[in-house]
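Q: Assemble the whole structure, with the sequences as input and the hints as a guide.
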Amino acid sequence: MRRGVGVGAFQNQARFTQTLAATGAAIQKTQMETVQRQMSTFKDNLEDFARKHREQINSVPEFRARFNQMCKTMGADPLASNKSFWAKILGIGEFYTDLGIQIVDICYTSRATDGGLLEMSELLRRLRNMRGKNAHAVSQDDVVRAIDKLELLEGGFKVVEFAGRTLVQSIPADLTDDQTSVMKACGTKAYTTLDELAAETGWPESRCMAALDSLMNGGMVWVDDGGKQREYWMMALTAMGEA
Amino acid sequence: MSFSFPSYHNLPPFYTLQPNLETQTKQLEMWGSLVQSYCRFNKITHFPVGDMLSNDLFHNKSISRQVTIDMARAIIDFMVSHGTAQWEGKEKLRATIVLRTLDDWADIIYNWAYRVGNVGTVVTAFELLESDESKNEEFYKMDRALFRRVMGVLEKQGKARLFNAGDESKEGVKFVEK
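Residue numbers (full-length UniProt numbering), protein chains in the order written: chain A, 1 to 243; chain B, 1 to 178.
In short, the hints are calculated from the structure, not lab data. Hints are supplied without guarantee of correctness; some may be wrong.
Unchecked claim - Which chain B residues face chain A? A few, computed with CB under 10 Å, are given here:
no. : residue
1   : Y15
2   : P19
3   : R65
Glycine included, every Cβ here is placed at the ideal spot set by N, Cα and C.
A: Rendered as structure tokens:
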């Protein structure tokens, strides 16, 4: 005999749904706890790791870069504050603050010769000179991180890429598209001429001149009249500022 | 040992006076300090501007660039306005380069005297400036007129007394502990 669907079935159904919700919540809670436990274990491990490898983190640039990456993955920022756990353990906040000050110093000093654009490799060379042999080694990754922090100060510091070159810019105004084209035309030899620029860009002479003049006024381009045709030198690409 | 030029000495635009005034000032400043350290290294006090044009300071054969006479004069003019050179005559043919300030020289000579134990004793100017004892010192063979001016500074500081000033063969100095 077939029994119809009675009130009991509805009650069963409701009870079942309730139980399901309760169980779901319980599972979720357990999962959350597990994840939180895992995260906290991970954080403890990371802190242990930092303590244990403090010397390497401070002295080996590659090691430091990996460590920074690892911290970023789990949302810890060793550079966030000088008072943070990381700063206390590693003195790492201070490391980047010092580096930042040195970068500002070098870029401002050479601004008169390069107009505020300095090639990364040249900056690294000067940093190494300035810091001396006994200081911890500095990598490009460190410079980029230190400049990221400087960017918050809105002093116009940033790392820019031009035609396969990495440059550090220390002026608030970005290069215009035309100025960037001049820079590209200078290429690896670091200079261009009016004819060459016109051929490369297809611009009329007046537009070429305007772009070159603006770069000269900004102190980024120096001229050389010792050849057949006036050469416009992009100082940032010469790596020959003050020794 | 020859003078080692800074890297910008190999940069062609360094030899063209820059039209942008701000850049030009910086450029003259770089040239001025280069001329000064070059002269200091080669012990050149009297700088014959015209003759120097063919010198490796102003003529860089490796990049075929050369400072013109006008630019050389502009460099010295800049140095004059900053107290690191003086023209010897209105024709601007030759300039005296200030290798060190008198105070610098006074310190250098007194420190030397202290180091070699000459404080408290009398040293003749010849011993001080031309003997083997000071052969490796920067003040070796210093111009006597300049030497007297430096001694003047040390006398004022109470660190030395000059004897028989003006008589080249008898001139001497007593360094005083201070």
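Q: So, for every hint listed, does it hold in this structure?
A: Hints and how they fare:
no., hint, verdict
1, Y15, "holds (6 Å)"
2, P19, "holds (7 Å)"
3, R65, "holds (5 Å)"
Taken one by one, the earlier hints all hold for this structure without exception.
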